[in-house]
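Visitor: Generate coordinates for the entire structure from the input sequences, incorporating the hints supplied.
Next come the chains, spelled out residue by residue.
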Amino acid sequence: DQQVKQNSPSLSVQEGRISILNCDYTNSMFDYFLWYKKYPAEGPTFLISISSIKDKNEDGRFTVFLNKSAKHLSLHIVPSQPGDSAVYFCAASSYMEYGNKLVFGAGTILRVKS
Amino acid sequence: EPEVTQTPSHQVTQMGQEVILRCVPISNHLYFYWYRQILGQKVEFLVSFYNNEISEKSEIFDDQFSVERPDGSNFTLKIRSTKLEDSAMYFCASSEGAGTGIPETQYFGPGTRLLVL
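Going down the list, the protein sequences come from chains A and B.
Numbers 344 to 457, taken from the numbering used here, label the letters of the first sequence in order.
Numbers 636 to 752, taken from the numbering used here, label the letters of the second sequence in order.
A portion of the hints provided could be inaccurate.
Said to hold, decoys possible - Within a straight-line C-alpha distance of at most 27 Å, the following computed DSS-like cross-link-like pairs (lysine-lysine) qualify: (1) B/Lys-677 with A/Lys-456; (2) B/Lys-692 with A/Lys-414; (3) A/Lys-381 with B/Lys-677; (4) A/Lys-348 with B/Lys-692.
It should be emphasised that the hints constitute simulated quantities derived from the structure, not laboratory data.
Guide: Structure, rendered in structure tokens:
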């Protein structure tokens, strides 16, 4: 099942710079997208979401951009901090097709160097 | 801040044994979920539960699995006869259940690591 893809397994960024995490999807029925952050041995922690009727949503240092025509979303973290080092998962849902089921990407490991 | 809790944090069991994983969803949430993550693989959906019944389930969620809301606070996942391939991290999640057709954010618990020997 490759409906949600995070093609970069890892990303390394200097503290204070921008982190950009990318996610692509194949199912045009997806209408709600979420980013979760996960530390080892913990559950996914919700970060930010975006509905398909928007192209941008911002919450503090986190901004998610959605490009529906390209079926692509990205998470920007500015400025990056060492505490942001974690695995970031992109997830998508389509109520019409799947109800409230979330489909996850494989995750991207972000390392923020101080 | 309200959070989803799960017990136990770790469970080791012998193949063929029954296990029950427990979750306490966020108190005013009405929609509950179980996901699992096998080591090195994606987080995958197992089942969702609303209004005391299963609303969706994946092909993974076969007859060996069941869910229950035994009281007003707990939500459980039972695996009747565990197999080696059931070894995974199991996550419970909940969402508000505001209404049908409205996308909802799901909030996850810390997980139960299940090891089947």
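Visitor: If you test the structure against every hint from before, which numbers come out violated?
Guide: Hint check: nothing fails, all pass.
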